[in-house]
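Put the two chains together into one complex, using the hints given.
Chains as they are written, first to last, in this note's numbering: chain A, 1 to 176; chain B, 1001 to 1102.
There's no promise every hint is true.
[What the hints assert, rightly or not] Covered, in the sense of this in silico footprint (three residues per stretch, anywhere, with C-beta under 8 Å from a C-beta of chain B), are these stretches of chain A:
#1 6-19
#2 28-34
#3 49-63
#4 162-168
[Stated by the list, open to error] Label-pair restraints from in silico Cβ distances:
#5 B:Ala1011 - A:Pro153: 25 to 35 Å
#6 A:Phe71 - B:Met1100: 40 to 50 Å
#7 A:Ala114 - B:Val1070: 43 to 53 Å
#8 B:Asn1057 - A:Thr88: 16 to 26 Å
#9 A:Val156 - B:Ile1094: 27 to 37 Å
If you are wondering where the hints come from, they were derived from the structure by calculation, not from laboratory data. Beta carbons are placed, not taken as given, at the ideal position from N, Cα and C, and that holds for glycine.
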Amino acid sequence: MLEAAVFYTLAVLILGLGILVISARSAVHSVLFLVVNFLLVAILYVTLSAQFVAVIQVLVYAGGIVVLYLFVVMLVSLKRAPEQHADTRRLGVTGAVLAGAVLLEVIGIVVSGAARSDAPAGARGAGVPEAISDPMLNTEQIGWVLYTEYLIPFEVASMLLLVAMIGAIVLAKKNL
Amino acid sequence: MLEITPLHYTALSAALFIIGVIGVLVRRNIIIIFMSIELILNAVNINLVALSSQLQNLVGQVFVVFVIAVAAAEAAVGLGIIIAFYRNKETVNIDEMSLMRW
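Pulled out of the complex, with its shape left as it was, chain B reads as follows (with noise of 0.2 Å):
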């Protein structure tokens, strides 16, 4: 119990994870569900840094860093997908983002 080993980080990973995929499932304001995904990018990267220090190879610190630009790239064009919307139909709310649906 008070030796922390990888499993600790594991389990605080999934924890994060599973909040991330409950805002994204509850919320319905799109913004709070782009920050759900946020969090899930992060409890990915808390599981590759633990298992990356825990097995003393760079490469999972490297990945992380090309998670944090793919999430930086999804932050930017989302949140302009967002402004492009609420320009058009001036709401964040995503039961009425209905324009795709078939």
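The following block holds chain A by itself, in its conformation from the complex (with noise of 0.2 Å):
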């Protein structure tokens, strides 16, 4: 019961989130949704327990390949100046309170890991190993396979990499 709401809620939202990004009429709008669409896929990927997917989706997808997309959506599309569209008292007023939020965060980090390590030490260790032992288990199973059997084409995906970094490094400079 509970997994098929999870599961109908992330594919409506998966969805709805899929058809703003190809609808949005600014292209910084579809770049935004489609930050939420991959991080939503990866919640998706968890309830499958493919934890190091999950992982590698918000690290390379979300992380790497969306800033991206933002970069050259900000250096190719934007045809007015950024002074333009930009109301500065609205935006010191965010800032502010998205570093307070930060702040908060950071505080809450440093409290709970201090109230954490005036646990005894048999306390902090147990249980958590059996919390976790599932993602590991699904990571090193993957790593199992992929440096043993998928060995070569492992290699074959890292040189496309290599392939692709000097690529665009010779497209994207002016005179080589």
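Here it is in structure tokens:
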């Protein structure tokens, strides 16, 4: 029941955001919808107990590829000067609120970390390995398959990334 | 209906795939076409992960890692091409990209 509710919620959100990605008027909005879409797909992977793929999805897609897209959108399609549509006072308030939230989070982490280090050493270690043993196993098994059975495809993929990196530099550089 | 089977994930994947294809066909901004391609690759990944966890076979998830690597390479080279093209032609509209049309 819960599984079905989670799946349908994620499915509706993923498809809705996909539609928004291709229908948004501004390319910047498209990229932002795409980030949320990728994060929701990562949650879907977690519900399928594919934790390693979920982490890779967040790191590579939401963290790397989307930032690349955002850079290109900013470089290419903004015709207006940034000052023209920036309300500096509202931006200042937003920035202050966000900075305050981050400060609260850091304080919370420090306080909870201090509270945890007060606990006796036996209580700290207990229970944690069981809680995270499943994702460890998933990652471990994927690593095992990747580095034994699929070692040569793995090397080919790394060569592909190297070639793509060199190609992107050659393409983007003005005069080599 | 309430039991989630691999068919549900496949249906979700197919729908996301179709959304990506529609984006490729309909939009004229090449950056959004690239984003639609990323949506298509994501649809494929959902399919692979769902069937991998259904069949209890990790090869699907290993393949997803390869797909993500290829997607990263594709994004880097493609966006490099867009930057190089924009530097010459000042446009990202694919209707004006007829340089290599026969």
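So, going through the hints one by one against the coordinates:
Proximity of the region 6-19 of chain A to chain B, defined as three or more residues with a beta carbon under 8 Å from a beta carbon of that chain, is established by the 6 residues found. Proximity of the region 28-34 of chain A to chain B, defined as three or more residues with a beta carbon under 8 Å from a beta carbon of that chain, is established by the 3 residues found. Residues of the region 49-63 of chain A with a Cβ under 8 Å from some Cβ of chain B number 8, which satisfies the need for three, so the listed coverage holds. Coverage of the region 162-168 of chain A by chain B holds [criterion: at least 3 residues with CB-CB distance below 8 Å; count 5].
Remark: the range hint 25 to 35 Å for B:Ala1011 to A:Pro153 is upheld by a beta-carbon distance near 29 Å. Checked against the hint of 40 to 50 Å, the C-beta distance between A:Phe71 and B:Met1100 comes to roughly 26 Å, which is inconsistent with it. Separated by about 45 Å at the C-beta atoms, A:Ala114 and B:Val1070 satisfy the suggested range of 43 to 53 Å. The supplied range of 16 to 26 Å is broken by B:Asn1057 and A:Thr88, whose beta-carbon atoms lie about 55 Å from each other.
Judged by the Cβ atoms, the range 27 to 37 Å given for A:Val156 and B:Ile1094 holds: they are separated by roughly 31 Å.
When the structure is compared with the earlier hints, violations turn up for hints 6, 8 and for no others.
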